[in-house]
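Protein chains in written order, with the numbering used here: chain A, 1 to 210; chain B, 211 to 485; chain C, 486 to 696.
Note that these hints are calculated values from the structure, not bench results. Even for Gly, the Cβ is constructed at its ideal location relative to N, Cα and C. Do not take every clue at face value.
Ranges between beta-carbon positions, derived for each pair [stated by the list, open to error]:
hint	chain 1	residue 1	chain 2	residue 2	range
1	B	Glu366	A	Ile85	40 to 48 Å
2	A	Asp5	C	Ile577	22 to 30 Å
3	C	Arg554	A	Ile23	23 to 31 Å
4	B	Pro263	A	Leu157	52 to 60 Å
5	A	Ser20	C	Ile577	32 to 40 Å
6	A	Gly130	B	Ser216	43 to 51 Å
7	C	Thr517	B	Tyr361	33 to 41 Å
8	B	Ser216	C	Asp608	17 to 25 Å
9	B	Val228	C	Gly675	40 to 48 Å
10	A	Ile23	C	Trp558	20 to 28 Å
11	B	Glu366	A	Gly130	49 to 57 Å
12	A	Phe204	B	Val228	15 to 23 Å
13	B	Ile469	C	Ala555	29 to 37 Å
14	A	Val144	C	Leu685	33 to 41 Å
Letter by letter, the chains look like this.
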Amino acid sequence: MVSNDIGIWTGALFTIFIYSYFIRNKQNIAFRFAQSTVVGCALGYIITLVMIKNVDTLAFTRIAGGNVIYIIPVLLGLLVYAKFIPQYSYLARTPISIIVSVGLALGARGALETQIVRQVISTASMPLFGVDLITSLSSIIFIVGLVSASCYFYFTLNPNLSSKLKPVSTLGRSFLMIYFGTKFGATIMSRLTLFLGRVTFLVFDWLGLG
Amino acid sequence: MTSIASKILNIDRRIIWVTCIALIVWPLVSPIGLPMKVDEITRKYYDAIESLPPGSIVLASIDIEAGLVGENGAQCTDTLQHLFDKDIKFIQICFYRADGAILFENLWLPKVDQRDKVYGVDWVNIGYIEGHETAMTAFAADFSYPVKDYYGNMLEGLQLMTEVKSMDDVDLYIDIAAGDCDQALRQFATPYDVPAITGAMAMGVPDMIMYMEAGIVTGILGGLPGAAQYELLLNKPGAAIRGMDALSVVHIFLLCLVIITNLAYFSLRSKGEIK
Amino acid sequence: MSNILKREVPLGLATVIIALLFFDYYVFTDITRNIALSIADWAIIITATAAGVGVLNMIIRTYQNISKRAEYWYLDIYMLVVMVVMAGTGLIGAYGTHPVFEWIMMNAYLPIDASIYAMVFFDIVSSYYRTFRVRSRDSAILFICAFIIMLKNAPLTGGMLPSFIPIGDWMLNIPSTAGSRAFIIVASIGVVAFTIRTMLQTERTTVGVVD
Numbered sequence: 001m002v003s004n005d006i007g008i009w010t011g012a013l014f015t016i017f018i019y020s021y022f023i024r025n026k027q028n029i030a031f032r033f034a035q036s037t038v039v040g041c042a043l044g045y046i047i048t049l050v051m052i053k054n055v056d057t058l059a060f061t062r063i064a065g066g067n068v069i070y071i072i073p074v075l076l077g078l079l080v081y082a083k084f085i086p087q088y089s090y091l092a093r094t095p096i097s098i099i100v101s102v103g104l105a106l107g108a109r110g111a112l113e114t115q116i117v118r119q120v121i122s123t124a125s126m127p128l129f130g131v132d133l134i135t136s137l138s139s140i141i142f143i144v145g146l147v148s149a150s151c152y153f154y155f156t157l158n159p160n161l162s163s164k165l166k167p168v169s170t171l172g173r174s175f176l177m178i179y180f181g182t183k184f185g186a187t188i189m190s191r192l193t194l195f196l197g198r199v200t201f202l203v204f205d206w207l208g209l210g
Numbered sequence: 211m212t213s214i215a216s217k218i219l220n221i222d223r224r225i226i227w228v229t230c231i232a233l234i235v236w237p238l239v240s241p242i243g244l245p246m247k248v249d250e251i252t253r254k255y256y257d258a259i260e261s262l263p264p265g266s267i268v269l270a271s272i273d274i275e276a277g278l279v280g281e282n283g284a285q286c287t288d289t290l291q292h293l294f295d296k297d298i299k300f301i302q303i304c305f306y307r308a309d310g311a312i313l314f315e316n317l318w319l320p321k322v323d324q325r326d327k328v329y330g331v332d333w334v335n336i337g338y339i340e341g342h343e344t345a346m347t348a349f350a351a352d353f354s355y356p357v358k359d360y361y362g363n364m365l366e367g368l369q370l371m372t373e374v375k376s377m378d379d380v381d382l383y384i385d386i387a388a389g390d391c392d393q394a395l396r397q398f399a400t401p402y403d404v405p406a407i408t409g410a411m412a413m414g415v416p417d418m419i420m421y422m423e424a425g426i427v428t429g430i431l432g433g434l435p436g437a438a439q440y441e442l443l444l445n446k447p448g449a450a451i452r453g454m455d456a457l458s459v460v461h462i463f464l465l466c467l468v469i470i471t472n473l474a475y476f477s478l479r480s481k482g483e484i485k
Numbered sequence: 486m487s488n489i490l491k492r493e494v495p496l497g498l499a500t501v502i503i504a505l506l507f508f509d510y511y512v513f514t515d516i517t518r519n520i521a522l523s524i525a526d527w528a529i530i531i532t533a534t535a536a537g538v539g540v541l542n543m544i545i546r547t548y549q550n551i552s553k554r555a556e557y558w559y560l561d562i563y564m565l566v567v568m569v570v571m572a573g574t575g576l577i578g579a580y581g582t583h584p585v586f587e588w589i590m591m592n593a594y595l596p597i598d599a600s601i602y603a604m605v606f607f608d609i610v611s612s613y614y615r616t617f618r619v620r621s622r623d624s625a626i627l628f629i630c631a632f633i634i635m636l637k638n639a640p641l642t643g644g645m646l647p648s649f650i651p652i653g654d655w656m657l658n659i660p661s662t663a664g665s666r667a668f669i670i671v672a673s674i675g676v677v678a679f680t681i682r683t684m685l686q687t688e689r690t691t692v693g694v695v696d
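Build out the structure end to end from the sequences listed, making use of the hints.
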């Protein structure tokens with residue numbers, strides 16, 4: 001039984017508008033209408049939920065509670081808008097520097113432990129002895145793969161050394177191809193699932209089949 | 211033979227698209243009921259929540275953007291239902307996208323049975339904080355940092371937020387997001403040694419396996435198949451299982467297609483008609 | 486004064502902040518922890534305040550399109566109207582909880598965004614059968630691994646070809662993870678090196694200083 005919910009009909013129509021792109025493989029007015037809707041919605045919720053809500057909650061609420069120092073980050077944030085005035089655009093560098101350096105530092109210090117140290121420890125802990133043959137062989141293959149794939153990314157060796165390491169980096173490239181192959185196979189499933197979600201909505205929620 | 215191989219290599223892509231659509235719709239309308247095996251990574255995800263005693267506190271970042279509802283939606287509802295069923299208290303927060311917070315409130319929450327759980331006592335929804343990894347660092351150190359929840363209530367007035375101050379008080383971290391959760395693992399799981407489970411897109415699983423082998427992540431849900439296996443373990447068939455037949459059929463079709471096109475390609479190449 | 490604001494202040498801030506945040510992580514003291522969290526707090530507020538830059542940029546470009554009567558310029562006016570409606574209703578009551586705001590998000594934004602994401606499926610299918618040819622050793626490895634993973638993921642093979650599952654699991658856990666782990670270790674070393682370069686002021690463009 002076809003749905004009589006106006007919300008579902010709206011969603012179905014917008015879905016059809018988007019896929020009308022594939023009729024001639026180029027944008028048409030229906031597609032652009034849907035695109036303008038989604039961009040307008042995104043801009044609206046960015047203004048509300050990303051900007052105003054966070055500034056109100058994290059700064060103005062505290063300022064109202066007596067912590068007037070929080071005016072300073074608000075003013076620094078407003079300095080970023082100086083980018084739109086060419087002769088004063090340099091004023092935006094200070095707040096951008098704060099944002100970027102905080103992000104870099106937090107990411108790098110976390111990456112050191114999570115993505116370097118723990119990964120190396122996990123590799124070094126792989127069982128080689130006292131286990132069955134398949135586990136032992138798998139560990140050897142893993143370690144060889146990790147080392148050779150890491151060698152592939154070493155671009156700044158002197159030419160003599162790099163020619164000697166070429167067979168190792170070629171082996172490493174094979175392991176990277178295995179990784180990319182598994183990711184590609186999984187990506188196809190991911191994208192298929194996204195489309196499956198849309199078809200499920202149209203078939204079950206809109207048309208009421210099945 | 212040559213003309214057949216050439217025709218195979220030059221099939222109009224619209225024929226492929228229409229065939230894929232038909233192969234998706236057919237199992238949805240009349241399910242086949244194909245057998246499914248539960249992966250080890252899914253079982254560990256299930257066990258991580260199942261093994262928590264009632265009253266445990268979980269930090270959940272169910273942070274799916276609108277575009278990924280088809281793939282990760284079932285993971286969100288199934289995980290939420292599992293938490294409610296097991297009487298596990300949780301704090302929900304979004305860091306990646308503001309629409310994740312809107313979807314949590316309007317799409318996932320209405321689909322689960324909250325089982326008489328009281329807001330503020332059994333669960334809290336903080337909503338979205340801007341700042342990504344920086345916000346994660348600030349929140350992990352002090353859970354009162356966001357000041358207010360999604361509905362505008364002061365966090366200090368909510369009972370659950372008086373019981374938990376930082377990541378040190380959390381028993382499990384759940385991250386269901388689009389990306390491969392690197393940032394969250396760097397800021398929540400590793401510094402505070404909190405066990406973590408993640409729900410990822412299928413294409414994020416090869417990356418998440420690495421963290422699982424390093425002991426940072428305990429369990430993974432991989433896309434729709436992961437959610438379907440999770441529903442099997444929960445004994446609550448839902449949207450994910452319903453889509454698996456279509457997934458299987460289209461997969462097999464695409465595999466056969468690429469094998470046939472490669473055979474046609476090799477046939478033409480052996481005759482020297484293409485390089 | 487403007488030269489100091491153009492170079493020294495942004496570079497100096499980057500050095501101090503990065504050094505402090507690294508020091509806090511490895512040498513834990515209450516004072517450094519409080520300072521580090523305050524810096525993170527301020528960075529979040531600055532980011533939130535500056536989030537409107539993208540919106541303002543979009544509004545300026547849209548206005549230019551409307552002025553020049555570019556293609557579909559009337560849809561740009563419609564877009565601005567939608568933006569105003571969403572921003573207006575989103576500010577009523579608790580942010581983003583107004584029924585009109587939620588209705589538009591669930592019944593317009595969500596279907597459109599999900600449909601746009603799903604459009605990639607068509608391109609992937611087209612490229613998959615048109616360009617996925619086994620032309621070399623590398624593409625053969627890529628093809629075989631993608632083939633095994635797709636067979637493993639399709640539940641059909643669980644019943645018909647059960648031997649594919651342990652092969653697929655082994656491939657995912659051993660050679661694929663070796664490749665991904667190498668990738669992430671090398672990329673993370675690059676991130677750390679880049680951060681240290683920024684701290685030492687040899688990398689300036691990221692903080693907006695262009696010589």
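These are the hints, each one checked on the structure:
1. B:Glu366 x A:Ile85: 40 to 48 Å: 41 Å, holds
2. A:Asp5 x C:Ile577: 22 to 30 Å: Roughly 24 Å apart at Cβ, these two residues keep to the hinted range, so it holds.
3. C:Arg554 x A:Ile23: 23 to 31 Å: 26 Å, holds
4. B:Pro263 x A:Leu157: 52 to 60 Å: 54 Å, holds
5. A:Ser20 x C:Ile577: 32 to 40 Å: 34 Å, holds
6. A:Gly130 x B:Ser216: 43 to 51 Å: Since the Cβ atoms of glycine 130 of chain A and serine 216 of chain B sit about 58 Å apart, the hinted range of 43 to 51 Å is violated.
7. C:Thr517 x B:Tyr361: 33 to 41 Å: About 35 Å separates the Cβ atoms of threonine 517 of chain C and tyrosine 361 of chain B, which means 33 to 41 Å holds.
8. B:Ser216 x C:Asp608: 17 to 25 Å: 23 Å, holds
9. B:Val228 x C:Gly675: 40 to 48 Å: Once the Cβ atoms are compared, 45 Å apart, the range 40 to 48 Å for glycine 675 of chain C and valine 228 of chain B holds.
10. A:Ile23 x C:Trp558: 20 to 28 Å: 23 Å, holds
11. B:Glu366 x A:Gly130: 49 to 57 Å: At roughly 54 Å between Cβ atoms, glycine 130 of chain A and glutamate 366 of chain B fall inside 49 to 57 Å, so the hint holds.
12. A:Phe204 x B:Val228: 15 to 23 Å: At 20 Å between Cβs, range holds.
13. B:Ile469 x C:Ala555: 29 to 37 Å: At roughly 47 Å between Cβ atoms, alanine 555 of chain C and isoleucine 469 of chain B fall outside 29 to 37 Å, so the hint is violated.
14. A:Val144 x C:Leu685: 33 to 41 Å: 36 Å, holds
Hint check: violations occur at hints 6, 13; the rest are consistent with the structure.
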